[in-house]
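Chemist: For the record, the sequence lines run as chains A and Z.
Numbering-wise (the working numbering), the first sequence opens with residue 1 and increments by one.
Numbering-wise (the working numbering), the second sequence opens with residue 236 and increments by one.
One should not assume that every hint holds.
Unchecked claim - Okay, the calculated beta carbon distance ranges per label pair:
no.	chain 1	residue 1	chain 2	residue 2	range
1	A	Gln210	Z	Gly318	32 to 38 Å
2	Z	Thr780	A	Glu148	33 to 39 Å
3	A	Asp157	Z	Arg782	48 to 54 Å
4	A	Thr80	Z	Gln667	57 to 63 Å
5	Z	Asp335	A	Asp219	46 to 52 Å
6	Z	Thr339	A	Thr80	55 to 61 Å
7	A	Ser128	Z	Ser303	22 to 28 Å
8	A	Thr136	Z	Asp268	22 to 28 Å
9	A	Ser211	Z	Thr679	52 to 58 Å
Unchecked claim - DMTMM-like mimics (lysine to aspartate or glutamate), calculated; alpha carbons at most 20 Å apart, straight line:
no.	chain 1	residue 1	chain 2	residue 2
10	Z	Lys795	A	Asp87
11	Z	Lys795	A	Asp147
12	A	Lys201	Z	Glu449
13	Z	Lys690	A	Asp93
Derived from the structure by calculation, the hints contain no laboratory data.
From a predicted model like this one, the values you see are computed outputs, not experimental measurements.
Glycine included, C-beta positions come from ideal geometry on N, C-alpha and C.
The lines below spell out each chain.
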Amino acid sequence: MKRKNTLSSFLFCVFLLSCTGVTFGQDSTSVKTSKMKSSHKLGLALNLGTTPGVTLAYALSPQLAIRLGYSYFKYNPNTTLKASGEDVQLGGDINMSILGLSAEFFPFKKSSFKIFGGASYIDKGNLSVVVTPKGTYTFGNTTFTPDEIGNVKFSVDYGQKIAPFAGIGFGRTIPKSRIGFGFEVGTYYTQAPVVTLTGEKRLSSMSEQQSKVQENMKDWQYWPIMNLRLSFRLD
Amino acid sequence: MKTKLISIFRPILFLVLGLSLVLACQKINPLDDVDLTVNTDIYQAPILINFLDANVNATILPENISVSISGPGKNLIFDDLGGKNYTVAGNVLSLVLDKDAKPTETNPIKFTVSVTAPGFVSTSQTITISDPTQTLEFTVPLTKVAATPEGTAAKKETLSLTTGQTLTVPATTNKAEVATVTIAPGTQVKDESGNVIPSNTVNTQIVQYGTGSEESLNSFPGSFTPENVTLQSGVSTPGTFVSAGFVAIDMDAGGKKVKSFTKPIDVNVGINSELVNPETDQKVKEGDKIPTWSFESSTGEWKEEGIATVVKGSDGKLTATFKASHLSYWNIDWFYYLPRCRRTFILKVTSNLLTNVVSRNYYAKVYWAPANSNNFRYVYQTYGFNAKNGDLNEYTGLFTPNGSRVQIDVYSRSNNAKIGTTGIFNPCANSQIPITITAPTPPTPILVDVDFTAKCQNKNVNIKPSAWVGLYDPSGSTYYGRYIYGYMRSGKATIVVYEGREYTFGAYYGGKYYSGKVTFNKTGSKIVTSTGTGITGTTSYNASTGRVQVVASYTTNDCK
């Protein structure tokens with residue numbers, strides 16, 4: 001039977017949860033449709049999700065708007081957790097900074113369904129997690145304390161690069177009412193991230209598995225966009 | 236309403252399908268198959284002791300070997316799990332030094348491994364650690380009483396204590412010397428506590444080691460370079476023995492080991508007619524005096540007992556005679572000691588071998604003579620020799636006065652032909668000793684990079700073991716040429732093997748040998764697991780480096 005690995009499962013969960021930033025509820029999307037033609041030109045939106053931030057939009061026509069967005073997320077987890085029966089101390093750093101230019105297009109006049117696409121400059125796109133076992137480990141007659149065991153550092157870095165993105169959604173960035181809600185899903189397309197897996201002290205051999213992680217992430221070129229959006233009309 | 240719902244949910248459906256497609260192409264968990272892996276490179280000075288039958292023609296290995304550790308450094312010596320459970324895995328014992336110990340050349344750590352095995356003469360190996368970064372390998376030949384090595388012989392009989400009796404170990408085709416032990420009438424035997432054992436008979440076993448055979452000298456319990464010799468003056472010192480003969484006498488009566496007697500027993504040990512007295516540089520003659528020494532195999536301690544006198548029998552043969560008041564192994568030897576001299580020389584090899592070599596395919600014989608003497612005596616064999624770089628495996632140095640003389644001959648194990656010899660040199664001088672090696676072309680060697688992992692059965696963690704790797708090549712002509720050892724630190728080692736040859740390959744860890752069969756070649760192969768303590772793994776060949784990598788693992792339950 002294949003063994004479930006404590007570290008593997010734990011880090012993966014932390015990785016996903018940390019990157020989404022908030023609990024995401026698909027049912028919370030509020031879809032507002034309008035049968036009226038909009039003549040408003042300027043709007044501002046706050047995004048919460050995998051790429052949290054703000055978006056400024058300018059309508060070129062009722063069906064087309066261009067958007068300038070900035071996403072920023074930074075989080076420093078520092079907590080003790082129990083993962084697969086093992087106490088571990090979690091520390092680290094999640095850092096994301098993305099500037100994007102895009103367009104949203106509403107193909108149906110009677111629907112707020114839209115498609116969007118554009119390109120982003122990824123200024124920062126990295127995650128670094130340090131996991132330190134809190135318990136003791138005994139091999140034969142030798143017991144290691146947590147300080148003797150050391151820690152494992154796992155980092156993922158997308159580097160500084162241009163990444164195209166596209167997706168679909170509901171809700172206008174420039175709402176017809178003063179306030180609007182929306183929902184967007186899509187993906188960035190970027191190069192595979194550079195992975196680093198290192199260990200200290202007794203865990204120094206962990207670095208030998210870095211190539212395995214890099215291989216596991218060779219297809220991680222699609223960074224998901226899943227955002228709830230709160231929009232404000234500015235004119 | 237229906238149309239409106241369709242218009243809303245159709246794109247959602249497309250979205251879900253689209254995302255599913257994207258994610259299906261990716262490995263979701265980047266840490267899939269990544270294991271928490273802990274290095275166990277904790278201890279120092281890893282030691283491997285390989286126990287083999289002293290009879291080089293033996294077809295089976297010694298079994299059920301038991302060991303105990305004694306000596307001043309015993310508290311600092313552990314099994315490779317860090318405990319005191321000294322278990323011999325098959326014929327291999329691995330030991331380590333405490334992680335905090337700091338031995339030096341002037342303040343070494345010394346201990347003795349005492350060895351017993353059913354049907355074999357007890358012996359010991361005293362080990363001195365002066366450098367904690369060293370790895371140490373030893374081969375300890377064990378004498379099987381029922382099939383003694385060349386130049387030795389054994390005799391076993393029940394003797395009468397009431398009437399007295401003599402037990403004679405007769406001459407054989409490869410041992411001209413005769414040994415006798417005579418018990419005087421009315422002698423009583425005593426146990427370890429000094430209590431008389433009520434018995435009219437005593438079961439007596441004598442194993443005699445002649446001096447005319449190198450195989451016999453290799454089998455000499457305790458070696459000719461003892462580290463723990465107590466002189467009659469009370470001084471304790473290492474040194475070098477020049478042996479005139481050795482008898483291992485064991486007795487038991489009434490189910491108890493005999494340790495002493497109410498009357499001393501007479502021991503006569505025949506002297507080889509070619510033996511040279513190193514004191515006179517002449518052949519031993521009647522009237523020569525030779526010191527006698529007792530050896531306690533359970534502690535590895537030698538003790539100066541007295542003097543044996545050489546007498547000539549009616550047949551013209553020489554015999555050293557002495558009285559023994561207690562029972563142990565008795566040695567008739569000249570002894571040279573102080574100042575202590577460890578190896579300081581380097582063999583500078585000029586070799587016709589251009590590639591890496593398997594050290595176990597070669598061996599070296601060390602010959603010694605006192606200063607100003609040309610009568611060289613065989614001292615011991617190093618069971619491996621790197622015929623390319625001159626590394627003498629298992630050479631532990633000679634405890635001999637500065638100025639003594641050494642010569643080293645190197646042999647190929649495949650045909651036992653001499654392939655090189657040094658000139659005569661002072662082993663205590665800091666010097667480079669040139670030696671030219673002209674060896675037959677060996678089978679094609681190949682470098683193997685070992686990557687071992689131990690998977691814990693009862694905890695979600697792996698170990699990168701620091702342990703000895705052992706390979707067994709059944710095609711070797713004797714057991715002495717069948718083993719290749721290397722020490723891996725945190726799961727990594729590099730060894731040289733023969734390409735295309737099948738080995739039993741594995742790791743010694745916690746008193747077990749985790750092994751499987753594998754052939755190292757340029758096409759890659761799979762380790763075939765054996766039962767019980769098997770390993771799994773594969774090999775792969777890197778054409779650009781010309782090296783084979785073997786990735787292997789075994790399961791252990793030594794984790795908590």
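Chemist: Broken hints, numbered, in rising order?
Modeler: 3, 6, 7, 9, 12, 13
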